[in-house]
Amino acid sequence: MVNEGPYNHQASDSAYQFTKAALEKGHEIFRVFFYHDGVYNGTRLGVPPQDDRNITQLWQELAEQHDLDLVVCVAAAQRRGILDPDEAKRHGKDADNIAPRFRISGLGQLIEAGIKADRLVVFGD
Amino acid sequence: MSEIKKFMYVNRKAPYGTIYALESLEVVLIGAAFDQDVSLAFLDDGVFQLTKDQDTSGIGMKNFSPTYAALGDYDVTKIYVEKESLEERGLTLDDLQHLTYEDEDDDWAEKDSIRLVTREELARIMDEQDVLLSF
Chain P
-14 MVNEGPYNHQ ASDSAYQFTK AALEKGHEIF RVFFYHDGVY NGTRLGVPPQ
36 DDRNITQLWQ ELAEQHDLDL VVCVAAAQRR GILDPDEAKR HGKDADNIAP
86 RFRISGLGQL IEAGIKADRL VVFGD
Chain G
113 MSEIKKFMYV NRKAPYGTIY ALESLEVVLI GAAFDQDVSL AFLDDGVFQL
163 TKDQDTSGIG MKNFSPTYAA LGDYDVTKIY VEKESLEERG LTLDDLQHLT
213 YEDEDDDWAE KDSIRLVTRE ELARIMDEQD VLLSF
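Protein sequence lines correspond, in order, to chains P and G.
Quick note on my numbering: the first sequence kicks off at -14 and runs consecutively.
Quick note on my numbering: the second sequence kicks off at 113 and runs consecutively.
Isolated chain G (complex conformation) (with noise of 0.2 Å):
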């Protein structure tokens, strides 16, 4: 499969609550073996996905968060966070968690892989995208 497509996943749901979160992830620590061009979105609630410090322990459900931290190491690079879904919810960028990757074209300098994007943005880098994956 040498064809390259661009594949972005739209997370839109809260982390807990329904299950989409967490087999989002699923699908895209498996698709990452398949060498496509792969990009994440966070819009809505999905904003929530990502903020740090989670304790899922008054829940009874696992804390799959700290996965994200992971997505560096599997060239998942591209992290979209929508600002207009932070302001609504009153978050910043300092609530989320800082998730980086090695720059292997840059001697592997670390860089940070959340790209803050208003609405306007997002739906111009959605509408270069072969395939949307939404969760």
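Looking at chain P on its own, in the form it has when it is part of the complex (with noise of 0.2 Å):
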């Protein structure tokens, strides 16, 4: 669980290494989800400068070679102005912003996460 937004703390570069050096070993993720600020991990439209990490590519990039699954919970993602475009639709706006490999669901995936994996792992402030 990933609870802070990219840059403005250190959460989601801690999750990010964790979730790989997990990998790493050979466990398994479940799954990463990310709520209250940590959706903005999720908008595709971030462009850091070019000296520095870019943590949502990251993210992609590890969801590309090991499949994992993001998801950036629906009502903090709606607060916030992070959609997809099902979402952007239905809202009557006119774009979406969220990253490829990224998805919008619901918080009962989190609770789910809970109880199928071994750990949870909280990354916050």
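If you are wondering where the hints come from, they were derived from the structure by calculation, not from laboratory data.
All residues carry an ideal CB built from backbone N, CA and C; glycine is no exception.
Keep in mind that the hints are not guaranteed to be accurate.
[Stated by the list, open to error] Here are the simulated DSS-like pairs of lysine-lysine, each with C-alpha atoms no more than 25 Å apart in a straight line:
hint, chain 1, residue 1, chain 2, residue 2
1, G, Lys118, P, Lys101
2, G, Lys223, G, Lys118
3, G, Lys164, G, Lys190
4, G, Lys190, P, Lys101
5, G, Lys125, G, Lys195
6, G, Lys117, G, Lys223
7, P, Lys101, G, Lys117
8, G, Lys190, G, Lys117
9, G, Lys190, G, Lys223
[To be verified] Label pairs and their computed distance ranges (CB to CB):
hint, chain 1, residue 1, chain 2, residue 2, range
10, G, Gln241, P, His51, 26 to 32 Å
11, G, Gly170, P, His51, 46 to 52 Å
12, G, Tyr186, P, Asp103, 24 to 30 Å
[Said to hold, decoys possible] Chain G is faced by these chain P residues, among others (derived, beta-carbon under 10 Å):
hint, residue
13, Ile100
14, Lys101
15, Val107
16, Gly109
Since each chain sits alone in its own frame, please combine them into the complex, following the hints.
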């Protein structure tokens, strides 16, 4: 569970490094769930300086390599303007901004992950 | 999903100023549908979340504190409040909402949801959990 936005807080970086290390050690990651400002990890419109890391892109690459399930909470995302094409249409917005490899879904996905995974790790403030 | 796990929601921040408390409560309400063994813990500034007579008219934010009173209807019946956190802030149980639930195993008798526990007891209860969600 990632509870903070990228760059503003180290939680996203720590979660990314932890996920990467766990996968390299042969662990299975059931899901990464983005909540609170963590939903900003899933915008495809971020343009960080070229000499800095691009956290969204790092998540996307990791997801590509390991078929990671990156889930952005719909309620938290709606508040903060993170939309996929379906959500944008439903709310009459003229654009969407969800990054490829991320998907928007409900809080039930977090609870399900808590039930099914051996461990749930929270990265936050 | 027949497996039942012990879920604890740990609330450590003041109700306003940040959105953590409100969005924590949203997880609790959704999570209640999953029939898990749920408890809530309030410690540090999180104890302010349960104070009664909250008035947010001066800050233009929604007062979501009445929702805590509905937790009993969602079968969320174990609400741990850390004694030291209350005392450090000059609060007593009388400053908090009176939260209750109806015990279906005891002829629907109305019982208190809030359990005052020491820091040491809460640490032990946390240690028994399968999943700790901290906000």
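To see whether the hints hold, each was checked on the structure:
1. G/Lys118 x P/Lys101: 13 Å, holds
2. G/Lys223 x G/Lys118: 21 Å, holds
3. G/Lys164 x G/Lys190: Holds, at about 18 Å.
4. G/Lys190 x P/Lys101: It holds: about 23 Å lies between the C-alpha atoms, which stays within 25 Å.
5. G/Lys125 x G/Lys195: 16 Å, holds
6. G/Lys117 x G/Lys223: 23 Å, holds
7. P/Lys101 x G/Lys117: 10 Å, holds
8. G/Lys190 x G/Lys117: 15 Å, holds
9. G/Lys190 x G/Lys223: The given pair, whose Cα atoms are some 11 Å apart, holds under the 25 Å limit.
10. G/Gln241 x P/His51: 26 to 32 Å: The hinted range 26 to 32 Å holds for G/Gln241 and P/His51, with Cβ atoms some 28 Å apart.
11. G/Gly170 x P/His51: 46 to 52 Å: 49 Å, holds
12. G/Tyr186 x P/Asp103: 24 to 30 Å: 27 Å, holds
13. Ile100: 6 Å, holds
14. Lys101: 8 Å, holds
15. Val107: OK, holds: P/Val107 within 10 Å of chain G, min 5 Å.
16. Gly109: Holds. Min distance 7 Å.
Consistency with the previously given hints is maintained throughout, with no hint failing.
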